[in-house]
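**Student:** Generate coordinates for the entire structure from the input sequences, incorporating the hints supplied.
The sequence shown stops at residue 181 when you use the UniProt record's numbering, and every number in between is there.
By construction, these hints were calculated from the structure, which means they are not laboratory data.
All residues carry an ideal CB built from backbone N, CA and C; glycine is no exception.
Mixed in with the good hints, there may be bad ones.
Simulated restraints, written as ranges between beta carbons of each label pair [as the list claims (entries may be wrong)]:
hint	residue 1	residue 2	range
1	Q48	P80	47 to 57 Å
2	L61	Y120	35 to 45 Å
3	V98	M119	15 to 25 Å
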Amino acid sequence: MNFSLGLHIPKALPSLSSPFKLLKLPSNSTSINVVASIREDPIAFLRQKKTSLSLQFAALLATVAEPANAVTGDNNHEVPLTWILTQLGIVGFFYFLVFPPIIMNWLRIRWYRRNLLEMYVQFMCVFLCFPGILLWAPFLNFRKFPRDPSMKYPWSTPQEPSQIKNGYLKYPFAKPEDYDW
Numbered sequence: 001m002n003f004s005l006g007l008h009i010p011k012a013l014p015s016l017s018s019p020f021k022l023l024k025l026p027s028n029s030t031s032i033n034v035v036a037s038i039r040e041d042p043i044a045f046l047r048q049k050k051t052s053l054s055l056q057f058a059a060l061l062a063t064v065a066e067p068a069n070a071v072t073g074d075n076n077h078e079v080p081l082t083w084i085l086t087q088l089g090i091v092g093f094f095y096f097l098v099f100p101p102i103i104m105n106w107l108r109i110r111w112y113r114r115n116l117l118e119m120y121v122q123f124m125c126v127f128l129c130f131p132g133i134l135l136w137a138p139f140l141n142f143r144k145f146p147r148d149p150s151m152k153y154p155w156s157t158p159q160e161p162s163q164i165k166n167g168y169l170k171y172p173f174a175k176p177e178d179y180d181w
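**Tutor:** If you want it as C-alpha cells, here you go:
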C-alpha cells in the first residue's frame, strides 16, 4: 500500500483538453477493458512533489526543533523571579493605569470624526486593553454633571426642569465642531 501526504488535489473530472481514448471490444467478448490515457505535464508533477516534500520536512523540523531547543538551547538558564516580577509590574502599570484613560479620551474626542481606519484602530486598542478599560470605566465620566447648577448631586431632582438643556445627540444634523466642549 502506497501512501503519501501531499498537497495534491484530486480532480473530480478530467480537464476537457485531455482526451480519453476508449477501446471498444467486439460485442461477443465477455470481458470489457476500458483504457484511459491522461496526459500530464511531468514538470508540474515534480513541482507539486517538491512543494509537498518541503512542507512535510518543515513540519518535521518544527516538531523536533522546539523540544530540542528547550533541552539544549540558550534558554537552559534560570531567570531571576525578581526580574520577571519587575517586568510584569511595568507592563501591568501601563496596561491597567496608563493606556485605558488615554484610549477612552481618544474615543471621546474623535467619536463622530473618525474614518474607517481610525475606527478599526480604536476597536483594536479597546479590545487589547479591555480589562484595564473595565477597571477605569466607572471612574471616568466625561459628561457634564450636574447639568443644573442648583443640583447638589447628579442624582438630585432639578428645581426647574425647563432650564436644563436636553441631552439628545445632535449628530445627524451637526457639524463636528458642535461636539467640541
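**Student:** Can you name, in rising order, the numbers of the hints this structure does not satisfy?
**Tutor:** none
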